[in-house]
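K.L.:
Next come the chains, spelled out residue by residue.
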Amino acid sequence: MQLRSWTPSRRETMGLGLTALLAAALAPRLVLATEEAVAAELKKLYGDKPMADGKIKLDLPEIAENGLVVPLNIDVESPMTDGDYVKAVHVFADGNPLPQVVTYRFTPQSGKAAASVRMRLAQTQNVVAVAEMSNGALYTAKAQVKVTIGGCGG
Amino acid sequence: MISRRDFVIAAMAAGMLASGARGAFAQAARAGKMTQDDILRFDPVGTLTILHTTDLHAQLEPIYFREPSVNIGVGEARGLPPHLVDEAFLAYYKIAAGGPDAYALTSLDFDTLAGTYGRMGGADRIATLIKAIRAARGEGNVLLLDGGDGLQGSWSSLQTKGEDMVRVFGALGLDAMVGHWEFTYGTARVQEIVEKAPFAFLAQNVRSMEWQEPVFEARKMFERGGSKIAVIGQAFPRTPISNPRWMIPDWEFGLREEDLQKQVDEARAAGAEVVVLLSHNGFDVDRKLAGRVKGIDVILTGHTHDALPAPVMVGSTLLIATGSHGKFISRLDLDVRDGKVAGFRYGLLPVFSDAIAPDPEMAALVKELRAPYAADLGRVVGQAGSLLYRRGNFNGTFDDMICQAMLTERDAEIALSPGFRWGGTLRSGDPITFEAIANATAITYPACYRNMMTGQQLKDVLEDVADNIFNADPYFQGGGDMVRVGGVGYAIDIGQPMGKRISDLTYLKTGQPLDASKTYAVAGWASVNQGVEGPPIWELVERYVAATRTVDIAPTASVKVSGA
Chain A
1 MQLRSWTPSR RETMGLGLTA LLAAALAPRL VLATEEAVAA ELKKLYGDKP
51 MADGKIKLDL PEIAENGLVV PLNIDVESPM TDGDYVKAVH VFADGNPLPQ
101 VVTYRFTPQS GKAAASVRMR LAQTQNVVAV AEMSNGALYT AKAQVKVTIG
151 GCGG
Chain B
1 MISRRDFVIA AMAAGMLASG ARGAFAQAAR AGKMTQDDIL RFDPVGTLTI
51 LHTTDLHAQL EPIYFREPSV NIGVGEARGL PPHLVDEAFL AYYKIAAGGP
101 DAYALTSLDF DTLAGTYGRM GGADRIATLI KAIRAARGEG NVLLLDGGDG
151 LQGSWSSLQT KGEDMVRVFG ALGLDAMVGH WEFTYGTARV QEIVEKAPFA
201 FLAQNVRSME WQEPVFEARK MFERGGSKIA VIGQAFPRTP ISNPRWMIPD
251 WEFGLREEDL QKQVDEARAA GAEVVVLLSH NGFDVDRKLA GRVKGIDVIL
301 TGHTHDALPA PVMVGSTLLI ATGSHGKFIS RLDLDVRDGK VAGFRYGLLP
351 VFSDAIAPDP EMAALVKELR APYAADLGRV VGQAGSLLYR RGNFNGTFDD
401 MICQAMLTER DAEIALSPGF RWGGTLRSGD PITFEAIANA TAITYPACYR
451 NMMTGQQLKD VLEDVADNIF NADPYFQGGG DMVRVGGVGY AIDIGQPMGK
501 RISDLTYLKT GQPLDASKTY AVAGWASVNQ GVEGPPIWEL VERYVAATRT
551 VDIAPTASVK VSGA
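Sequence lines, in order, name chains A and B.
Sequential numbering of the first sequence, starting at 1, is according to full-length UniProt numbering.
Sequential numbering of the second sequence, starting at 1, is according to full-length UniProt numbering.
In case anyone wonders, no lab produced these hints; they're calculated from the structure.
Just so you know, even glycine gets a beta-carbon here, dropped at the ideal spot from N, CA and C.
Among the hints, erroneous ones may be present.
Simulated coverage check for chain B against chain A, where a stretch passes if three residues somewhere in it have a Cβ under 8 Å from a Cβ of chain A [stated by the list, open to error]:
#1 233-246
#2 459-465
When the alpha-carbon atoms are kept at most 27 Å apart in a straight line, the in silico DSS-like pairs for lysine-lysine are as follows [to be verified]:
#3 294(B) / 55(A)
#4 262(B) / 142(A)
#5 142(A) / 509(B)
#6 142(A) / 500(B)
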């Protein structure tokens, strides 16, 4: 069994999709977060502590099929023992109105530090994950997801 | 696997590429002296032959299809096949201008050469070639695979939801296919085809939305020529973005590279001596993928309609590009030794309809399949006053005709037409039949809408579509060519990032810049939205052509391209 705690950053409103050509072009422009906003959130959590690349596997589509429900699978490499485990994983989206997507907290009893969720992405942007290990070390990973307003057949 | 020294370029058709005898080939074809034997001449290697068709777009009869004169490669694909056209293409492959290969593979002097060399393709001609190869190689030594977009693109396929082509593929003895436009017949129909068809429908990269379970068989093992061949299917990964998602609401696509690697590894573990990816990714995506997924011997590419007379090699993986609309079939002979591919020989066989005797059984089947629609198919609506073609990164004259039809028939200021790669070509002087119109418009979401858009919104749409084609990373590309526009002109700088490519939007009627905040009446078709209202596009085009009688359109000068 996998223990998960999570905090959805925003209520999903499952309305009409905006992925199509005209609908998206006609959608109102939102005030969107920036990379700086994500950096500010991280500073609140961890101050200026350095973060290393690695350990985190972010599985995201290169292009979202539906910006309203973009699947994210996250998997952090760890033995998950009492002496060495993943304490928390935070996910941010730097182009959403609110950058926080979800926070997972794990214990050694979680067995593995892996989780899946679907999130809403307002536009093409980076998804950033940060993992806090039990020894205090921080790891980060980033992936771009393209949210398109419409392709043309082929 | 395959080493470079085994790389043998078999010349197209008769293997005379280097001998300079292609002119004679042409004369022979017109004089009726040449038979399918010349096209079929092939020095066999090993005991296994793989035959590949792709992107037939349900063309039962021979047609004209002009290859693109603009096909821009970006990023690592810049200046490489398949992004070479016309003179550059001929120089790269050492093909003489004015001959049958130049006619089949480029747009140069198309109208004239089409008169000399005739239409290409046709299910009955393809059947003749396939039967002959099976007879020569032995029934149990040939694997026939189709790369998708076979069941859509004609009036009869639209009316029968692909059933006409299912029967043709069945009669050809197809072993397996993948999908893209097939999905626009909707979930239920695709499932019905998968259940009933006498061939496998493979796709490793489609999952059920809710449970992430595989929707289709991912791969199938075949035994041919004494070897075990694993064929893995890869459906067009961007189907729910490029085409209506609401028609397949429960299916999720994507590239799924890691899952593909697992499929390759499992196939090898199960004893596969040859691993083939039957792909509808598009060429540039497959080229990148070939460098990242290990252990694939052959990628049979599709989707981007490229016809290449020689394979492209990425490491030890062979990439084959068979063209579209039945103009070509690919023959790949593999020499399998000690459980792996030791050598190969490849030929891109041109399906010159005048040179190949129709297979009588297939000809009878095609006649039967078309009979219910004969009156519609044969209805002459008008005449082409100039070459009418579609394929190319930007506007083609056939699409300009469609845009003109929308501007006129829907009283719009601006028209948008999708950048589909499929649809035949008409020579100047050809009748414009309803069939020719349907060959460029026969889709399951044909409504022509009329909407109000600001100049800024139009620019946003153009920027978004441009990034789907010209993003430097092929994994971020999707869909077809650039959306075609009527009533406006623009400049595009390919090398810029998204949001900065499009400039100088001009309202052609007045010659004035398009006003970003002003609202314009825009007509378009093939919206991926559900519940779009408007008449089917083929009705508008038929009305427009009937009123115009002779459609004379020069290639547009109102799209200015730079940065390529």
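K.L.:
If a hint holds in the structure, say so; if it doesn't, say that too.
P.N.:
Results for each hint:
1. 233-246: Three-residue rule met by the stretch 233-246 of chain B, so holds; n is 7.
2. 459-465: holds (count 4)
3. 294(B) / 55(A): Holds. Residue 294(B) to residue 55(A) sits at ~23 Å (cutoff 27 Å).
4. 262(B) / 142(A): Satisfied, since the Cα-Cα distance of roughly 24 Å is no more than 27 Å.
5. 142(A) / 509(B): At roughly 47 Å apart (the allowed maximum being 27 Å), residue 509(B) and residue 142(A) break the hint.
6. 142(A) / 500(B): holds, 24 Å
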